[in-house]
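Starting from the known structure of chain X, arrange chain C on it as the hints suggest.
Number of protein chains: 2
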Amino acid sequence: MKKPLTVIKIGGNVVDNPEMLSCFISDFSQYNGDKILVHGGGKEATRMSAALGLETVMIEGRRVTDAATLEVVTMVYAGLVNKRVVAGLQAAGVDALGMTGADGHVVTGVRRNPVPIDYGFVGDLSPDGVNVSLLAGMLDNGVVPVMSAIAHDGKGQLLNCNADTVASTLAVAMSQERDVTLVYCFELPGVLSNPDDITSVIPYINESTFKELKSEGVVSGGMIPKITNAFNAINSGVGKVVIKHASGLLDNTATVICR
Amino acid sequence: MKKPLTVIKIGGNVVDNPEMLSCFISDFSQYNGDKILVHGGGKEATRMSAALGLETVMIEGRRVTDAATLEVVTMVYAGLVNKRVVAGLQAAGVDALGMTGADGHVVTGVRRNPVPIDYGFVGDLSPDGVNVSLLAGMLDNGVVPVMSAIAHDGKGQLLNCNADTVASTLAVAMSQERDVTLVYCFELPGVLSNPDDITSVIPYINESTFKELKSEGVVSGGMIPKITNAFNAINSGVGKVVIKHASGLLDNTATVICR
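Quick mapping for you: the protein sequence lines, in order, are chains X and C. The first sequence: position 121 = 120 (numbering that gives the first Met the number 0), numbered continuously. The second sequence: position 101 = 100 (numbering that gives the first Met the number 0), numbered continuously.
These aren't lab readings, by the way, just hints derived from the structure by calculation. Glycine included, every Cβ here is placed at the ideal spot set by N, Cα and C. Errors might be hidden in some of the hints.
As the list claims (entries may be wrong) - Partial list, computed: chain C residues near chain X (C-beta under 7 angstroms):
1. A50
2. A90
3. L96
4. G155
Only chain X is shown next, with the shape it has when bound in the complex:
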């Protein structure tokens, strides 16, 4: 039997809010077992770009990353946000170590094809590009990797990535050695059956109930690619995917996506 591992992703709404981050760090420090944290930070990158007079261009929710924007996201994700999270975790007794994909060659990607849309220095990832042995060695030594969503191409170029994708890529890659649970922390306590009722969390979704939920229109919009990506991770080796509120890491309210 493989040893369990949890890959937890938090977004800009957590890292950007000192109170939420402080609560999350406390919960994360109490979360049992081996764990990897992946964080976003898009809101602060947008604010920093504005302060430096750079225009933020988003296409389909993805940041177009020219050379100047890559400098901003590298500063904000790998510097400001990553070290804020790492220092907070260390104070909570978690032996956190922050990394981009370049550090220890841990996540190598390729620059996204500029056709049909040139996103600039944006990376596409594959589980083959993950340095599983480095991460496994760190976990075996009690170190908690804290990953910012920046990869490299191995040829000196940093690449801006989507934090959800970094998390799922790491989760799939680590499934070779571990029984992986992937947790997406979210602004809601899970997938709701009624968008107006925060208590209507759907506890479990499998592929057949997902089809029903889609056909009934219960699950729609941006939730469809999120759940589709979750099934892709599960079909590539991840044990289960959990969608829950960032402030509820230790409670049981969640949508669990599984086979």
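Same frame as chain X, now just chain C:
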């Protein structure tokens, strides 16, 4: 006999200049044996502060670091500069892993006493605050630590440090386990006996010749504290300290400071 280790420090003049950095990375990749790189980045921090409308205040060459300036130096040193260096080293075949002192609890310091001068979030370091076993484990696994000059206090606070001091503190701490050479890369090929003659490098300085050089006025100004710090490192266990030009890492032109 202890295994050799070289701790190499580069300053803002290297990391700030793409051609010099590229040459340095090539030389560093060919430098034999276990090594740790420590980098500054003050010039870019000053430029970024200016771009964000923050005034840079220096007292006796040290940056006064209020909360906003700490964010800038964290972004610039731990994000922009550190990841530029790491990605470049990875491309040159060096398995670099970038860190601040918070990462892996690797360098813990204390905030400098605000009396008589309040430098803000500036850290004082001691070799006792270095996580020697983490660094030794990384080196044994072929990983090259790349340290930015930011420590933490272990209670969640990041601290801005002087890169020369980070390098000497790491060198002294690692002397417990390794035979350490500390290399300060510099704008000159070594300590000059004639400031107008770049070929007048003094090859060796020990404590007795240092006294003579000072009394004769050959060594003066900012070079005195630099060499005094070198002797402090040597008297605390470091094998030797080398002062040389950043573009001459692989050649023999240098001032070697030893017992």
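Interface hint outcome for A50 of chain C [beta carbon to chain X under 7 angstroms]: holds (6 angstroms)
Restraint check, 7 angstroms cut-off on beta carbons, for G155 of chain C near chain X: Since the shortest Cβ distance to chain X is 4 angstroms, the answer is holds.
Status of the hint placing L96 of chain C at chain X (closest C-beta pair under 7 angstroms): holds (4 angstroms)
Cut-off 7 angstroms, beta-carbon criterion: hint that A90 of chain C touches chain X: holds (4 angstroms)
The structure is consistent with each of the numbered hints, conforming to all of them.
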